[in-house]
Amino acid sequence: MAEVMSTSRAINAAMRVAMAEDPRVFLAGEDIGVYGGAFGVTDGLLGEFGAERVRDTPISEDIIVGMAVGAAITGMRPVIEMQFSDFVVNAMDPLVNQAAKLHFMYGGNVTVPMVLRLPGGGGTGAAEQHSQSLEAWFAHVPGLKVVAPSTPQDAHDLLLASINDPDPVVLVEHKLLYKAEGPVEVRGSLAEVDAAFAGTVPRRTGGDLTIVSYSRGCAVALDAAEALAADGVEATVLDLRSLRPLDLGPVIASVTATGRLLVTHEAPGPVGVGAEVVAGVVGSEAFDHLLVPPVRVTGRDNPMPYAPGLERATIPQVEDVVAAARRLMAEDD
Amino acid sequence: MAEVMSTSRAINAAMRVAMAEDPRVFLAGEDIGVYGGAFGVTDGLLGEFGAERVRDTPISEDIIVGMAVGAAITGMRPVIEMQFSDFVVNAMDPLVNQAAKLHFMYGGNVTVPMVLRLPGGGGTGAAEQHSQSLEAWFAHVPGLKVVAPSTPQDAHDLLLASINDPDPVVLVEHKLLYKAEGPVEVRGSLAEVDAAFAGTVPRRTGGDLTIVSYSRGCAVALDAAEALAADGVEATVLDLRSLRPLDLGPVIASVTATGRLLVTHEAPGPVGVGAEVVAGVVGSEAFDHLLVPPVRVTGRDNPMPYAPGLERATIPQVEDVVAAARRLMAEDD
Amino acid sequence: MPRVDPSTPEGARAALTTMWTIRRFEEALEDLYSRGLLHGTNHLSIGQEAVAVGVCGALEEGDLITSTHRGHGHCLAHGADPMRMMAELLGRVDGYCRGRGGSMHIADVDAGNLGANGIVAGSMTIAAGAALSMRMQGRDAVVVCFFGDGAANEGSFHEALNLAGVWGLPVLFLCENNQYGMSMSQDSSTAGGSVAARGAAYGIEGRRIDGNDLDAVHAAAAEAVAGVRAGGGPALLEAVTYRYRGHSKSDRNLYRTLDEIESWRNERDPVDRFEAAAVASGRLTAEDVDAVRAEARDLLRDAVQRAVRSPEPTVDDLDGAAYAGRSTAAVA
Amino acid sequence: MPRVDPSTPEGARAALTTMWTIRRFEEALEDLYSRGLLHGTNHLSIGQEAVAVGVCGALEEGDLITSTHRGHGHCLAHGADPMRMMAELLGRVDGYCRGRGGSMHIADVDAGNLGANGIVAGSMTIAAGAALSMRMQGRDAVVVCFFGDGAANEGSFHEALNLAGVWGLPVLFLCENNQYGMSMSQDSSTAGGSVAARGAAYGIEGRRIDGNDLDAVHAAAAEAVAGVRAGGGPALLEAVTYRYRGHSKSDRNLYRTLDEIESWRNERDPVDRFEAAAVASGRLTAEDVDAVRAEARDLLRDAVQRAVRSPEPTVDDLDGAAYAGRSTAAVA
Ligand SMILES: Cc1ncc(C[n+]2csc(CCOP(=O)(O)OP(=O)(O)O)c2C)c(N)n1
Ligand SMILES: Cc1ncc(C[n+]2csc(CCOP(=O)(O)OP(=O)(O)O)c2C)c(N)n1
Ligand SMILES: [Mg+2]
Ligand SMILES: [Mg+2]
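Chains as they are written, first to last, in the working numbering: chain A, 1 to 333; chain B, 1001 to 1333; chain C, 2001 to 2332; chain D, 3001 to 3332.
Please note that the accuracy of each hint is not assured.
Output of the computed footprint for chain C on chain B, the stretches with three or more beta carbons under 8 Å from beta carbons of chain C [to be verified]:
#1 1101-1113
#2 1138-1148
Between beta-carbon pairs, the in silico distance windows are [claimed, not checked]:
#3 D/D3110 x A/R327: 26 to 36 Å
#4 B/P1023 x D/E3223: 26 to 36 Å
#5 C/E2010 x A/G44: 51 to 61 Å
#6 A/D194 x B/E1181: 54 to 64 Å
#7 D/R3306 x A/P308: 35 to 45 Å
#8 D/D3316 x B/G1232: 30 to 40 Å
#9 B/D1288 x A/D223: 29 to 39 Å
In case anyone wonders, no lab produced these hints; they're calculated from the structure. Quick caveat: nothing in here was measured; it's all calculated off a predicted structure. C-beta: ideal position from N, C-alpha, C; glycine also.
Starting from the given sequences, assemble the full structure and let the hints guide the process.
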């Protein structure tokens, strides 16, 4: 049943499933129609569903998101694309002051079932204003949900689950993952995917060390784990998948067993998701099992530069994770 | 020399000092002129410095901040007020994509010496959209500096230091602190205050427990420490003052001595500043000295509600900090 | 067929009742506040009653509104129960938002009020989305988006009018121009000086009307709504009015003169004017007017009495309340 | 006195040289890209040369510009060295931003170019601030804010024109209307259909001009700049032009026809038209034209050769680079 496809095709397929099934679902964003989106993710959907349901918008991020809020609270299920996640800065009011708060603030009288797709991350030479990983902000905001798939199947399933969710969901997509391929079982309907599944899952198991990541960081973590295995160090790699809510149970269980925690992500370290993972784990019963201080391997604390060498140096690389893991193993055995 | 004044007067005095000394300094914001600002912080300055330098703006947060960026990179030193910190959501592009990045992105060819004052926090019954504590976002962004005074003197000094700083500084002001009074030595000039001073300082010392906070959280922490002292538990209370850069040295040193860490702030816990403090401390040499898992006492993870009882329950109270500290002391002695 | 037609005796009576209800509601808040029973801040619409009542009266069942921080009038004019509004302002469980939202965030979704908003212009993009939603669902409804003169300088205003324009959305943008955005006069904040004239930038014919003349407001709104409903795309009205009270509790009124306030209150009060017009035209008698005033007074007295008896929410009410579905707490 | 006056033989030659430099620069990028030597993406301005050259030529020493993601032309027309631009695009230390910014972020502050911007309309509010700054410093300078037709739908456009209007700031808003914002035609994205007409909303008289006629652009810009400099407040020009290439590298040109592209290229090319006009009016000879073309070709060849020899930045270059003062690293 599963076929091999890229993450962008998997997302596209999820939109197709949802739109075919539920007339309330529609898409909107900049150049998502005939252009197919800056990354081709919506390619073909205009032809299939027409311009009323695949809506090209003006370059107006504030109203793209605000419009979605208005549509969502009156019965629709908008799925919105920011062309690059960086442009969400222009839409923080509708996202944070409106979407995240209305259900609570209006005493439960409205729900805001909308999905905001955010293609983010570096590695494409797009530089400072087109390469950010801003998920820490959203994970800090009560009222939002934030998911960050690392595989084509999860991208497919998490989008379906997000569309099915009564709350506003931010879908963190990493641009470099769009072309990454994997087996995908295309779901037959929205109901096939249960939102509650979006917890942390292991991508690899090993008893020496726990590596935690999400989104593209999982690929880096897995490659690092393979390199470490060549040295005889076996790491568990956990994929958070959801950043809000954050499912730390499996992380705590794994760290309790391994005693060593490494968290890696592309966003800068200070007040990033990695800080929350570390703080959550050390605040738990795993505390007593930690053999060495938990370590974070994050993006360098500067804007994403343009020159390839500088960009590479700003994004955590496999060798950075390996080196940090080796230091962790060397300490205090 | 020092006189007793409120935090809002101390900030006002700092603006007066800077404007009298440096013709490049000017103020802009909504209703900061004849109205004196929503919280009266700019009261009197229009009369003293005139409408060219105390600029009432239209209700247009995006350009208030973007205008400041343009003025800053061409030789001025704008000091900008968001009427409530919550409205900065409308200005995240000029703040994050522009102010924070231009110096780096343009290869050092421009500097962005601007100050953004953000009156935030709850406790005034202003509800969801007028009560947020958003500092975690800014502390996550390379290129910004973020300071959060807890005393009138620090509010005065940190504003002067921020105006003197070549980089964009976000000044986190808590609305409930505006009326809080304390001794203030009004500085004679900008140069009297050195930006480098903005590190973490102790507000109280005790050997049993380290409590870390910033902004209004310090008052809560200090009151809690007094209550604990009545039980014979002596806490050190550290005031971070700067959230980016974050000066963890004194925190690490204190935790190394006490073995117990409690961080408290009003913002919700997930991916908040407290997570960074905990992660930074456990990632340091203090790890080996920790007796019990570090604990965070943060705002409840929901938007700030209107009803007084609900608002109170959402903001960490002295008794919450005391209770958490007692649990910390009870564990694993 | 509009819900209230002030050209008829019944309609005139209904409109006047609502105007008085609004005014008495705001006055009751002032009273509660001065007695220390109301916390937070609030923005009163005394002097602006004709806009809310004239516009909402021109709507039909199923039409929607979005409102602002100065929204009590819109809310009442669109059918809200004063008791539940009062309970909301008092932070009680019978409030429209269970006490969570307060003055700036009252939503009465059942009646078609999608909510007040504490963010200036924050509801403008939401209104456009609601209008799109109505169209996509094949519903005939019109959305009225109330906003202030100050809001017209926010980027959201621009994006909302542009999108509504290119997509031809069924929304009436209703600028309640009370001439100040807090302390800034429209002249000092608004290049070009007119919100109505800005419509042309989006291919929308904007109209400026006397917002203190209930009959005029109603007529203009009815015409605009009919055009929007007929598929003519968005419309824009700028109703010129005035607020007598300060912007909010912190206002010292330094930016305008007492004379200015007095002249509006004495010479152009919308309630006075409508009473006079309705009596002159024979729609109402002087006795009707007295009866309406008494009715509004009693209504409010009763609303306050019942609202204060409503219980305060308890902390459990917060559990999971930030999410309609599985909440953070459930997993983390 | 403007820096380039195309009505004179010298000015015409200078203008043509810059137009050819821009075109050759963009072509050199295409070439480097196709040979795998250029990473990232870039937005070429081939076909739009007359706007950049006409406008920047109308400026004086000390005047400032802000630019966009499609900014190579503005940058060159405002005096940048093609070698340093090329080095920036190649990510080398001799680039204007030391390789940190790339195509979308070239700033040449010494020449008065405050920078390209990757955020659509991102530089509009910055331009207003720079204009305020000039006035507060008593400097006579004018700021030209380049922006696209697509940018005119961002909230920032609205806030910038409004603030510039109420404060009477010395800024010329220059809309480079190449008729598409990526794939969206101006008609489908812009209610009202005209950027120039939007000026009226802010009390600014907007003018639409032929952006492919260098003489016309220069004349209109010179007039507008003179008015702004004289204290007349902001001005707005909408220069209608066309881009031949795709929006960026990912563009498959599905939203327009080849015929449309061809007709602009063959019938309205700004370089062809200016050459013909200059020769017809006797400002240039056919030999001048040939010489200018050769000069631009040689200039670019040389620039590329020198740029590729510039070293790549090393990682140390990042240390403390995010801050002008004490950096995070210094304390944390
Ligand atoms: C985005 C935002 N900016 C600023 C404010 C603060 N504020 C609240 S009401 C107001 C004045 C609004 O003026 P207008 O739109 O004319 O409405 P009015 O108060 O006159 O009814 C201001 C500045 C806000 N709530 N939201
Ligand atoms: C805020 C923002 N939204 C979207 C984009 C993506 N984007 C880059 S250029 C562009 C089209 C801009 O159109 P226009 O302003 O007409 O300039 P042109 O590309 O035609 O020169 C878009 C949508 C962006 N860079 N910034
Ligand atoms: Mg107003
Ligand atoms: Mg364009």
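Against the structure, the hints come out as follows:
Proximity of the segment 1101-1113 of chain B to chain C, defined as three or more residues with a beta carbon under 8 Å from a beta carbon of that chain, is not established by the 0 residues found. Restraint check on the segment 1138-1148 of chain B versus chain C: 0 residues with Cβ-Cβ distances below 8 Å, three needed, restraint violated. A C-beta distance of roughly 45 Å is found between D/D3110 and A/R327, which places it outside the suggested range of 26 to 36 Å. A C-beta distance of roughly 33 Å is found between B/P1023 and D/E3223, which places it inside the suggested range of 26 to 36 Å.
Our hint of 51 to 61 Å for C/E2010 and A/G44 holds, since their Cβ atoms are close to 57 Å apart. Separation of A/D194 from B/E1181 is about 55 Å and conforms to the stated range, judged on CB atoms against 54 to 64 Å. For D/R3306 paired with A/P308, a C-beta distance near 20 Å fails the hint of 35 to 45 Å. In this structure, D/D3316 and B/G1232 break the distance hint of 30 to 40 Å, their C-beta atoms being roughly 52 Å apart.
Checked against the given bound of 29 to 39 Å, the beta carbons of B/D1288 and A/D223, roughly 31 Å apart, stay inside it.
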